[in-house]
Amino acid sequence: MQSQLSFSPQQTTGTLYLVPTPIGNLGDMTYRSVETLKEVDVIAAEDTRNTQKLLNHFEIETPQISFHEHNTQERIPQLVARLTAGESVAQVSDAGMPSISDPGHELVVACIAAEIPVVPLPGANAALTALIASGVSPQPFYFFGFLDRKPKLQRETLAKLVNRPESLIFYEAPHRLAKTLTGLVDGLGGSRQASLCRELTKRHEEFIRGSLDELLAWAKSSDQVRGEFVIIVSGNANPGVDEEAPDFSQLTIEEHVDQLIDQGQKTNEAIKNVAHLRQLKKQEVYQIYHHIEKN
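Going by UniProt numbering, the first residue of the sequence shown is number 1, and it counts up by one from there.
Source of the hints: derived by calculation from the structure; they are not laboratory data. There's no promise every hint is true.
Here are the simulated lysine-lysine pairs, DSBU-like style, with alpha carbons at most 30 Å apart [claimed, not checked]:
no., residue 1, residue 2
1, Lys-150, Lys-38
2, Lys-282, Lys-272
3, Lys-202, Lys-160
4, Lys-179, Lys-272
5, Lys-150, Lys-160
6, Lys-150, Lys-282
7, Lys-281, Lys-160
What you are looking at is a predicted structure, and each value in this text was computed from that prediction instead of being measured.
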């Protein structure tokens, strides 16, 4: 057990400040965040070039040091040593809250182990900003972030999420939106109510609300699939019951494969998924779809 008093007058070490940065609109930077970035000894930034633009805008002259997923093991001992020596460090990601789908957590854990105070500042966060305007129930919610890009791991994840009653929050890049929505339709069911939230806090901020089927159709036909997306999906109203499992009983195997191809999957991926959903061997589905007679 450990107790932290964030602002103790007897403190001998520096402090790690977790400073959120705007997710689009620079006006969302808080006074406290600006003051903190000016007062600390160094800023640990995910991308120093990106953060420098923010520092220039607010006339902040504090030096930076890079801290990202590829140099974590090297940087953490350096930063902990500086904090132990009495320097204060502000950690920032490119946008939003540090540690939320961004670097930061390992540094926090290391500071806690070294009994260095960790002080979080409130501020911009894409997930909650999207959630409260989505039209989907804001609580309880389950934040997931980015789904795995590998289809098999993504299906396994969604199989674990399908019965959760909480609203689900995902992040996705524009070039992968249609593919991810296809996975959500297959894994959670196309009738789930959801909201696509893009360009949050920016001039072209937009919310597209509807069923997952409708949102997938929009993503495949719209020329506005731009900017980073937050996907909010309603929870399962009947936990423990997979009420949205697609019914393929009326489809032939060929029709089933073609349906997945129409949703954006490649032929071999669709064949593999049909085999998984129907509990058949992939080779068997392949032969049926391509009209290959068994020897």
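Evaluated hints:
no., hint, result
1, Lys-150 - Lys-38, "42 Å, violated"
2, Lys-282 - Lys-272, "6 Å, holds"
3, Lys-202 - Lys-160, "34 Å, violated"
4, Lys-179 - Lys-272, "16 Å, holds"
5, Lys-150 - Lys-160, "16 Å, holds"
6, Lys-150 - Lys-282, "18 Å, holds"
7, Lys-281 - Lys-160, "23 Å, holds"
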